[in-house]
Amino acid sequence: MREVAIVAAGMTKFGELWGSSLRDLFVEAASEALTMARADHVDAIVVGNMSAGQFVGQEHLGPLLADHLGMAGTPAMRVESACASGGAALRVGFLEVASGACDLVLAAGVEKMNDGGDVTAVLATAADQENEVYHGITFPGLYAMIARAHMTAHGTTAEDLAAVAVKNHRHGALNPKAQFRREVTLEEVMASSMVAEPLRLLHCSPVSDGAAAVLLCPLDQAKRYTDRPVKIRASAAATAPMALADRKNLAFLDAVQLSAQRAYKLAGVGPADLHVVEVHDCFTIAEICCIEALGLVEPGKGRDAARSGLTALGGKVPVNTSGGLKSKGHPVGATGIAQVIEIFEQLRGAAGDRQVKNARIGLAQNMGGSGASSVIHILERV
Amino acid sequence: MAGIVGYGAFIPRNRITSEEIARQWGKDPAAIQRGLLLKEKSVPGLDEDTITISVAAGRAALDRAGIDPSRVGALYIGSESHPYAVKPSGTVVIEALGIGPSVHVADFEFACKAGTEAMFVALGLVESGRVEYAMGIGADTSQGAPNDALEFSASAGGAAYLFGKADLLADVKATYSYTTDTPDFWRREGEFYPRHGGRFTGEPAYFKHVTAATRGILERTGLKPTDFRYAVFHMPNGKFPLAVGQALGFTKKQLETGWLVQTMGNTYSGSSPTGLAAILDEAAAGDLILITSFGSGAGSDSFVFEAKPALVERRGRAPTVRSMLDGPRRYLTYGQYAKYREKIIVNE
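Listed in order, the protein sequences are those of chains A and B.
Each step along the first sequence adds one to the number in the numbering used here, with nothing skipped, and position 201 is 201.
Each step along the second sequence adds one to the number in the numbering used here, with nothing skipped, and position 145 is 145.
One chain only, chain A, in its complex shape:
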């Protein structure tokens, strides 16, 4: 397999983008990446998208988006793995380049959620319909059960969960692309409306529109496009049982751990080698579970990480410097690519006020559903 580099990135602002359609969002992000690399063609387009069919009634995104980018004719397809669709699209793009099949691939993610769809119902299609959704559960409900299990097993409190939101909003306030560029206090989080006990509104990521795109090429061709390429040292994925009831331990995300073990092995690094990490904090409890499964802290010890500053900017291993899904926003199909873009910028020293000093190795972890799929990329500055 060839070594693969990311050479350019583009991303819309995340938020309620009432003036932009799905195709507008994609074209904006993709064009920015193409312009950055001064590329006028790609060999393939891979787009991650969870549910355009339900959100805006549009399937068959490959040709649609290639056409609107002015690239009809180019091979283009959509990849789906619920909220991990973006990470999955990057992985497919990575494999296309690594295999030698393509030399320049646009890997993108897009989601248009604010267009009238019943968002809660659409997102619930990422859970097990027969064993979970038909019985009335929603995603906040599933993560609330994970939170309850974590509280029972490890003594985690609602305030511990809230500390994650406080930290990520502090980071997001520094991110010009974030949906919520404002800080929140622990008191505000704890006073926000109850969504699914113990999860309150400010424990949940928002409903967002947005798109993100990166350009991939073989590492030995990267200098054609940029003098600051970032190498993909590992791309790994894993799955776990869809239904929470089928998992051995509700409070632990097996797919995240399995994908991390594979990624660490491929990259030849361990959690202690990471300088900056983006994890899938669709709910604050998810960040706590993810940092445990990634081995950044011991299992059961995730509850103190945000409050102690371990995972804050300036801490030992800053997590979600972008603001995370919580503050930056979570256009589900775009999230996996956006996470990788944050690491890409951090490793290039281009993260502005959020810059982690001397960051050389970073990890992005993207998750589908209630953790049934996980995709991890480890990147390194070259």
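Certain hints may be false.
Unchecked claim - Calculated from the model, a selection of chain B residues having no Cβ within reach of chain A, i.e. all distances over 10 Å: (1) P194; (2) G316; (3) P328.
Unchecked claim - 30 Å max Cα-Cα, derived DSS-like pairs, lysine-lysine: (4) A/K177 / B/K208; (5) B/K239 / A/K177; (6) A/K357 / A/K248; (7) A/K231 / A/K265; (8) B/K39 / B/K208; (9) B/K239 / A/K13; (10) B/K239 / B/K173; (11) B/K239 / B/K252; (12) B/K208 / A/K13; (13) A/K316 / A/K13; (14) A/K231 / A/K316; (15) B/K343 / B/K27.
As the list claims (entries may be wrong) - Pair ranges (Cβ atoms, derived): (16) B/R188 / A/P176: 37 to 47 Å; (17) B/A30 / A/P271: 35 to 45 Å; (18) A/T35 / B/G286: 20 to 30 Å; (19) A/S193 / B/T251: 22 to 32 Å; (20) B/T333 / A/E187: 26 to 36 Å; (21) B/P328 / A/G136: 43 to 53 Å; (22) B/P309 / A/E187: 50 to 60 Å; (23) A/A350 / B/Y331: 53 to 63 Å; (24) A/R182 / B/R188: 33 to 43 Å; (25) B/E256 / A/T185: 26 to 36 Å; (26) B/R215 / A/N131: 50 to 60 Å; (27) B/K224 / A/R182: 23 to 33 Å.
These are computed hints drawn from the structure, not numbers from a lab.
This structure is a prediction, so every number in the text was calculated from the model and none was measured.
Glycine included, every Cβ here is placed at the ideal spot set by N, Cα and C.
We have chain A already, so just place chain B on it with the hints.
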């Protein structure tokens, strides 16, 4: 020069608190009060509707003007709760007020903007000389579906404005309207309750149109926010008018007199016109007043008024808005409210 020669408002006596509604649906009352800044709202009685509210407000306007009703050449009522789908509200109102039959009458609908729409047309006819006096009314018994966020705000009330060219209570200095096709909120024929696009009703609808109309009228008149003593913006909830007012550069002090929504609710077509009436109840001669309405669909009308000395002399001829908001009230249980709003389905 044309302007307001009489005005009046009416708010029903029944109230229901946000707490009572929240309790019914298992919602957190504190979160509602904090999020929407709504404490209670007016509720129409079983014998109150857009017509009775219009009659009460129109009578107060005629009392303040002190003119012979037969001189009113046009009467328009803006509402999204006209009691009849076919047959005007205005015909009942003119008969009750002693206006006509030599009079032009029409019912208007433009979601929550219909009241200022009626005022705009009435003013234009007076300015043109087509009629001597014209009345524009905004009144509603608004609909909000059970367990919808609208249920905390949709209330009942209205205000009437009589326009003429002599003995002005307030001079109209300028108007400005801003309209686009923005379907943020609607009710189709035959449906009981409106539907809305959730958060789409905020930034791209309310804030865009209110901001554009207000900026437009400021530009047209060369006035600055600091030139005004009072301003009132359409009040779909407590938060929006304060947020848009402050973003436009108005202070809380300029906004507080017309900001009635916390205890009145959203009287839809009657909302900003009733806020204007509360301002006229206390304004001094020479005060400049800004009003910007908003109607879903969507559009905003802005008016700049200047209070005249006659306002101070005449306003005592009819009840003030505050006397109706703060005066005798009857608090309903959710059950009584459901009955009054005919939410309980019974056999014929």
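Status of the hints after comparison with the structure:
no., hint, verdict
1, P194, "holds (15 Å)"
2, G316, "holds (45 Å)"
3, P328, "holds (34 Å)"
4, A/K177 / B/K208, "holds (22 Å)"
5, B/K239 / A/K177, "holds (26 Å)"
6, A/K357 / A/K248, "violated (39 Å)"
7, A/K231 / A/K265, "holds (16 Å)"
8, B/K39 / B/K208, "holds (27 Å)"
9, B/K239 / A/K13, "holds (25 Å)"
10, B/K239 / B/K173, "holds (28 Å)"
11, B/K239 / B/K252, "holds (12 Å)"
12, B/K208 / A/K13, "holds (19 Å)"
13, A/K316 / A/K13, "holds (28 Å)"
14, A/K231 / A/K316, "holds (23 Å)"
15, B/K343 / B/K27, "holds (19 Å)"
16, B/R188 / A/P176: 37 to 47 Å, "holds (41 Å)"
17, B/A30 / A/P271: 35 to 45 Å, "holds (42 Å)"
18, A/T35 / B/G286: 20 to 30 Å, "violated (57 Å)"
19, A/S193 / B/T251: 22 to 32 Å, "holds (30 Å)"
20, B/T333 / A/E187: 26 to 36 Å, "holds (33 Å)"
21, B/P328 / A/G136: 43 to 53 Å, "holds (46 Å)"
22, B/P309 / A/E187: 50 to 60 Å, "holds (51 Å)"
23, A/A350 / B/Y331: 53 to 63 Å, "holds (60 Å)"
24, A/R182 / B/R188: 33 to 43 Å, "holds (38 Å)"
25, B/E256 / A/T185: 26 to 36 Å, "holds (27 Å)"
26, B/R215 / A/N131: 50 to 60 Å, "holds (55 Å)"
27, B/K224 / A/R182: 23 to 33 Å, "holds (29 Å)"
Checked against the numbered hints above, the structure breaks hints 6, 18 and satisfies the rest.
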